Amino acid sequence: MTFLGMPTAPRGVGQLRQEAPFPVAAARALDDSQLRRNLRHATSTIRAKRAAAVAEVPDWAELRAAGAAIKDDVLAHLDRYLLQLEQQVTAHGGTVHWAGDANEANQIVTGLIRTTGQSSVVKVKSMATQEIGLNEALAAAGIEATETDLAELIVQLGHDRPSHILVPAIHRNRNQIRDIFLREMPDAPPNLSDEPAELAAAARAHLRRKFLAAQVAVSGANFAIAETGTLAVVESEGNGRMCLTLPRTLITVMGIEKILPAWRDLEVFLQLLPRSSTAERMNPYTSMWAGAVEGQDFHLVLLDNGRTATLADPRGRAALRCIRCSACLNVCPVYERTGGHAYGSVYPGPIGAVLSPQLTGVADNPDLPFASTLCGACYDACPVAIDIPAMLVHLRSRVVDDKVAHHRGPTPEAAAMRGLAWTMSDPRRWAWALRAGRAGRLLGRRYGRIRHLPGPLAAWTSSRDLPRPPRQTFRDWWASRDADGERENRS
Amino acid sequence: MSAREEMLARIRAATADIGGRPEVPRRYRPASRGPGSADEALVGLFEERASDYRATVRRCAAGEVARVIADAAAGRGAQRIGVPDGFPTEWSASLPGAVGPPLEIAALDALDGVVTTVAVAIAETGTIVLDTGPGQGSRAFSLVPDYHLAVVRTGQIVGAVPDAVAALDPARPLTWISGPSATSDIELSRVEGVHGPRTLDIVIVTD
Numbered sequence: 019m020t021f022l023g024m025p026t027a028p029r030g031v032g033q034l035r036q037e038a039p040f041p042v043a044a045a046r047a048l049d050d051s052q053l054r055r056n057l058r059h060a061t062s063t064i065r066a067k068r069a070a071a072v073a074e075v076p077d078w079a080e081l082r083a084a085g086a087a088i089k090d091d092v093l094a095h096l097d098r099y100l101l102q103l104e105q106q107v108t109a110h111g112g113t114v115h116w117a118g119d120a121n122e123a124n125q126i127v128t129g130l131i132r133t134t135g136q137s138s139v140v141k142v143k144s145m146a147t148q149e150i151g152l153n154e155a156l157a158a159a160g161i162e163a164t165e166t167d168l169a170e171l172i173v174q175l176g177h178d179r180p181s182h183i184l185v186p187a188i189h190r191n192r193n194q195i196r197d198i199f200l201r202e203m204p205d206a207p208p209n210l211s212d213e214p215a216e217l218a219a220a221a222r223a224h225l226r227r228k229f230l231a232a233q234v235a236v237s238g239a240n241f242a243i244a245e246t247g248t249l250a251v252v253e254s255e256g257n258g259r260m261c262l263t264l265p266r267t268l269i270t271v272m273g274i275e276k277i278l279p280a281w282r283d284l285e286v287f288l289q290l291l292p293r294s295s296t297a298e299r300m301n302p303y304t305s306m307w308a309g310a311v312e313g314q315d316f317h318l319v320l321l322d323n324g325r326t327a328t329l330a331d332p333r334g335r336a337a338l339r340c341i342r343c344s345a346c347l348n349v350c351p352v353y354e355r356t357g358g359h360a361y362g363s364v365y366p367g368p369i370g371a372v373l374s375p376q377l378t379g380v381a382d383n384p385d386l387p388f389a390s391t392l393c394g395a396c397y398d399a400c401p402v403a404i405d406i407p408a409m410l411v412h413l414r415s416r417v418v419d420d421k422v423a424h425h426r427g428p429t430p431e432a433a434a435m436r437g438l439a440w441t442m443s444d445p446r447r448w449a450w451a452l453r454a455g456r457a458g459r460l461l462g463r464r465y466g467r468i469r470h471l472p473g474p475l476a477a478w479t480s481s482r483d484l485p486r487p488p489r490q491t492f493r494d495w496w497a498s499r500d501a502d503g504e505r506e507n508r509s
Numbered sequence: 035m036s037a038r039e040e041m042l043a044r045i046r047a048a049t050a051d052i053g054g055r056p057e058v059p060r061r062y063r064p065a066s067r068g069p070g071s072a073d074e075a076l077v078g079l080f081e082e083r084a085s086d087y088r089a090t091v092r093r094c095a096a097g098e099v100a101r102v103i104a105d106a107a108a109g110r111g112a113q114r115i116g117v118p119d120g121f122p123t124e125w126s127a128s129l130p131g132a133v134g135p136p137l138e139i140a141a142l143d144a145l146d147g148v149v150t151t152v153a154v155a156i157a158e159t160g161t162i163v164l165d166t167g168p169g170q171g172s173r174a175f176s177l178v179p180d181y182h183l184a185v186v187r188t189g190q191i192v193g194a195v196p197d198a199v200a201a202l203d204p205a206r207p208l209t210w211i212s213g214p215s216a217t218s219d220i221e222l223s224r225v226e227g228v229h230g231p232r233t234l235d236i237v238i239v240t241d
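Residue numbers (the working numbering), protein chains in the order written: chain F, 19 to 509; chain Z, 35 to 241.
Quick caveat, the hints were computed from the structure, so don't treat them as lab data.
Computed from a predicted structure; not experimentally measured.
Incorrect hints may have been included.
[To be verified] Covered stretches of chain F, as calculated for chain Z (at least 3 residues, CB under 8 Å):
id	segment
1	95 to 101
2	202 to 208
3	407 to 414
4	420 to 430
5	442 to 453
[What the hints assert, rightly or not] These stretches of chain F come out as covered by chain Z in the derived footprint (C-beta under 8 Å, 3 or more residues):
id	segment
6	168 to 179
7	225 to 235
8	278 to 288
9	383 to 393
Note that beta-carbon positions come from the ideal geometry of N, C-alpha and C, so glycine has one too.
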């Protein structure tokens, strides 16, 4: 199934694609015991806190149902809401730009910064600008972008990539962070300890002059209200407030699905988001503004970059409900062990496994829908009730369909499945096949398990053992049991 | 075709199969405790929840505000305190080093702290919301100095998030503040005090 006329996120720009197949990248991550310790510590901490923050709200299920329905309404009438938002932002003195993909968005932002005559910008943590590779595009244009979120700063100074939606440096522990600061931050105190409070203070001192002198800021947005033109950024550290408030020019890059229809809808999302993401009753700071305020120049860039392609799949579009809380990452047994880098995209974990392949087209991220045990913990944790497991299964079938469409003749997998269907469609053939399977006992006689299958089947046992087939098949046992039973009845 | 027309056409094609308008089930707790409705229990809840996030909360009667503010600022060692337009003069009367607006960013950076009023306070989440109205100063005013003291009247305390959303004006610049600035970016352990004011004091005045 392809969606004709719906361009996906372009290749060669941004960060949405796997560099290595997931199994290869995951194996690399699993070999890093420090990474696994850091991840286990961080995800178990946030899981416990989130459970408590959610349990405190008596109407969580009702908020979740409302959140899902509001987002579905947004998606169903996205054209109307975008036009309404554009009209409202413009009426409040802002300028709205439309970017069909990452390249267009990067060009628009670069052009806007050049118009100001500035060669440096401060940035608020933003998934959309990570997704489109804005920092790299700005660097190519000679514009220096400074990340001001503490975790993003750690990632930027460490010449690293983010590995979590909320806490991009979750793969680093305090020791590693101190080492990065001492190495990369010229003004870091030489006797800096690894106490988180001291590390945060060093970042404060490092960034403060930049904030106070900044003329241009680039941000993302958590919500945009179509009805009123109000934008909202939810944060903790105050770097968001600094960037949104002090510079003369503010450029906000926002995925088109971030819209909420009405001002009132914030009453739902300002309860769902903080408790799901940082596990707080409310995050320390939320800034809201409608258009150009307090003498600022304001530009809003509306980004598609594969979102309309995602919207076109009736069984995949609910991924666009996502509010980037990252609760699904923290509960995922796969994410907890591999970390975010293995997914290749800025959107890791369960939501990344359904979002990234849709934004890029499944051919460019074919492993991600399989990077899951389908345990369903992500669905339970999702504050907007995205049925990620069902979507993963759907995307797996899209990956297979795509492979079949681009493969000359049947793929080995398709041939095997066809053979299996032929065998299973006839009881005699199936009974014969099961008996033939007992030959596998030979492979398992040494360890009591089969550790390596021969030939193309070896892929199955590369990461797992197979049980040794029993002496007797179930069907044979059942038949003999019936015969014994009848003998007993007769006697 | 412009990017705008192209995106809109794609959206219309992508959503052509969706019919009707889905009903949004709003069975969650609605707004019910707006401004002016706070009783002792709600004020107590706000005090408890704001303290949970390391804001220091004091309560006093209307006649004591000037003294309580001056004591709080002195307790923080804050000498030069910014006082915004519209802040009740009887409340700032006892501040020795009061500095009035307008203040540029560099001047704000030289202050020890600021006092402001608020637009709304939310009991359930321990949040104060500023909308740059009288007594609150600009957004930068309550951001750049390292110490922020906010005066909340009990009549401004509402029950929960829906009450605050209903009471606020979406056209104004809004800053929702829950405790001092904080980060959990290092091993997900919470550290108070990053870029915003590292100290937040709240004074609740009984109306």
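Checking C-beta pairs, does the segment 278 to 288 of chain F have three or more residues closer than 8 Å to chain Z?
-> It holds, with 6 qualifying residues against the three required.
Annotated coverage of the segment 225 to 235 of chain F by chain Z, confirmed only when three residues or more have a Cβ within 8 Å | Our answer is that it holds, as 4 residues pass the Cβ test (under 8 Å) against chain Z, meeting three.
Within 8 Å of chain Z's CB atoms, at least three CB atoms from the segment 407 to 414 of chain F: coverage verdict = Check failed, 0 qualifying residues.
Check whether three or more residues of the segment 202 to 208 of chain F sit with their beta carbon closer than 8 Å to a beta carbon of chain Z.
-> Coverage by chain Z is violated here, the residue count being 0 at a Cβ distance below 8 Å.
8 Å C-beta test of the segment 442 to 453 of chain F against chain Z, three or more residues = violated (count 0)
Three-residue Cβ test at 8 Å for the coverage of the segment 168 to 179 of chain F by chain Z | Our answer is that it holds, as 3 residues pass the Cβ test (under 8 Å) against chain Z, meeting three.
Are there three or more residues in the segment 383 to 393 of chain F whose C-beta lies within less than 8 Å of some C-beta in chain Z?
-> violated (count 0)
Chain Z covers the segment 95 to 101 of chain F, three or more CB atoms within 8 Å, holds or violated | holds (count 5)
Outcome, coverage hint (the segment 420 to 430 of chain F, chain Z; C-beta under 8 Å; three residues) = violated (count 0)
Of the numbered hints stated above, those contradicted by the structure are hints 2, 3, 4, 5, 9, listed in ascending order.
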